[in-house]
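Asks: Residue-level listing of the chains:
2 protein chains.
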Amino acid sequence: MGIDAPIGVFDSGVGGLTVAREIMRQLPEERMVYFGDTARLPYGTKSKDTVVRFSRQIVRFLKTKDVKAIVIACNTATAYGLEEIKRELEIPVIGVIDAAARVAGAVTRNGRVGVVGTTGTIESGMYEKALKKYNKEAQVYGKACPLLVSLVEEGWLHDMITEEVVSRYLKDLEYKSIDTLILGCTHYPLLRSTFSKVAGEDVTLVNPAYEVAMELGELLDKKGLSCGKGVAKEKKKYEFFVSDAAEKFCNFANSILPYDIERVKQINIEAFEAEETESLFVTAGMAGQAVSKRR
Amino acid sequence: MGIDAPIGVFDSGVGGLTVAREIMRQLPEERMVYFGDTARLPYGTKSKDTVVRFSRQIVRFLKTKDVKAIVIACNTATAYGLEEIKRELEIPVIGVIDAAARVAGAVTRNGRVGVVGTTGTIESGMYEKALKKYNKEAQVYGKACPLLVSLVEEGWLHDMITEEVVSRYLKDLEYKSIDTLILGCTHYPLLRSTFSKVAGEDVTLVNPAYEVAMELGELLDKKGLSCGKGVAKEKKKYEFFVSDAAEKFCNFANSILPYDIERVKQINIEAFEAEETESLFVTAGMAGQAVSKRR
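First to last, the protein sequences are chains A and B. Okay, so the first sequence: first residue is 1 according to the numbering used here, each after it adds one. Okay, so the second sequence: first residue is 1001 according to the numbering used here, each after it adds one.
Next comes chain A alone, as it looks inside the complex (with noise of 0.2 Å):
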């Protein structure tokens, strides 16, 4: 594997996609190959055995693109899956909580933090012993927002309604005095300037997006694995999988990323459960289902 060969990033859907343009913005040699778990998201709502059994599923299918380097870009994914994972495979993998809890342990002034994300995100507590590593004396406090996905989701980015919903879900931490908060879940950097209305211009925003894609640059320097400036432009440089729904996956990626994605193939997810499914698929080839944009 060369050091022009891809990052896998994935998620459960499109939200990793605030991961992959983070990545595209700072890391602009890097070759991708992104996969959405869009036939059974969300993850958020689901228990660490069922995370961990589907992230190993994409993880499986990842390697068949061989990758050199994998990135968790859903925070449930990386609370309940990212040490298992880790211990299992040889090339780098980071997750997107790690790198977003070490800078909110160097920002915050009072030491209290928020950190908002799924139902998973949340109860697994995941970003309050990332910040301890980094931040002895802080104190964490966490808040589920389950119903923001679906605000992200059906559009309504910019919107009093969504305002209302993030004003009731920050009243718990407003209470707390913290100072910095966590959007821990990849939709919600595009609910940016919501958080930061409600929030107030004391609290400090930290977007684990951004975060990660500056550890990955940082890692794969170490590694030896950075791309040279031009040595991918000849090859297909992003390719986008998702299990299901490709047309709408495209619509809402070219509604965020920074230019229009071509094409988005469809796989079966399921099949990469075995451990000899890696073989079969291998022989049936990449067909996939391919679902072009229409222009």
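FYI, nobody ran anything at the bench for these hints, they're computed from the structure. Idealized CB from N, CA, C, for every residue including glycine. Where hints are given, some of them may not hold.
Unchecked claim - In the DSBU-like style, the derived pairs of lysine-lysine whose C-alpha atoms are separated by at most 35 Å in a straight line are: (1) LYS248(A) / LYS1132(B); (2) LYS65(A) / LYS248(A); (3) LYS1265(B) / LYS63(A); (4) LYS65(A) / LYS1048(B).
What the hints assert, rightly or not - Computed list of chain A residues with no C-beta within reach of chain B, every gap over 10 Å: (5) GLU84; (6) ASN135; (7) VAL165; (8) LEU220; (9) LYS229.
Once you've looked at the hints, dock chain B against the given chain A.
Replies: Chain B only, in chain A's frame:
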């Protein structure tokens, strides 16, 4: 299979419990096996192919419980899968759409009927198709309401925010002067009072959960499959299965069912994939997706 065999009821998650509740009320002698696909919910945003594949796996599971009839207690799965599943089974199969459409077609005075539901249900156009069977003159106006399931599952049933969201969704239908509104998602009966308040007293609400339980009773009578009084009372009456997060399901169920359920079993529903998937998929021209995990 005797008349004391259970009725199989399935849904993508907890929504179908509004149907289960009606069956318990209207057909108190009947036994029931309920399956909620909590690992892969929601179905409303997923494609037809995926929802049909999930439904087939569930039907295979229900058949292992020797059910005498199947109720698809999910509007999306009914819209996408009822006809195909009916064709493949020898036992009676009914969905939530037809009975509600028949009643709506009968009660409308001005022939203008609104339908609210998930994106999948509305885009399928199935309510319109069913209504036209019973009332050729009817004009049907659909409105997808993707946020409402999340609001119900958040427990914000009698809430200002929910009322505002419902108002926004019903705005389009108001302009159409509907006099009848079908609550075309199994979660929505739990928002019945909000719908009633927002839509006003001139609009008749139709609850498919209630209507399908009525239809089921008639169908069982007609086929000689109704359970006699006391026949099933010695046996375990209601069984609940889910694909994930049994405890959370149990809590939700106990908040809406007329009595507390004691036990919910979690199963791996993906293991009920058809043996012949590969050939089916290849024939359908989708090579590359066609890898069955069990041989």
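Asks: Indicate, hint by hint, whether the structure satisfies it.
Replies: For each hint, the structure was consulted:
With a C-alpha separation of about 29 Å, the suggested pairing of LYS248(A) with LYS1132(B) holds against the 35 Å cut-off. About 23 Å separates the Cα atoms of LYS65(A) and LYS248(A), which keeps this hinted pair within 35 Å; it holds. Pair hint LYS1265(B) plus LYS63(A) holds up; C-alpha atoms about 34 Å apart against a cutoff of 35 Å. Between LYS65(A) and LYS1048(B) the alpha-carbon distance is near 28 Å, which keeps this suggested pair within the 35 Å criterion.
No beta-carbon of chain B comes within 10 Å of the beta-carbon of GLU84(A); the shortest separation is about 18 Å. A cut-off of 10 Å between C-beta atoms confirms that ASN135(A) is not in contact with chain B; the least separation is 32 Å. The beta carbon of VAL165(A) is not kept farther than 10 Å from every beta carbon of chain B, the shortest such distance being approximately 6 Å. The non-interface label for LEU220(A) is consistent with chain B: the shortest C-beta to C-beta separation is roughly 30 Å, beyond 10 Å.
Against the 10 Å criterion, LYS229(A) stays outside the reach of chain B, whose nearest CB is about 34 Å from its own CB.
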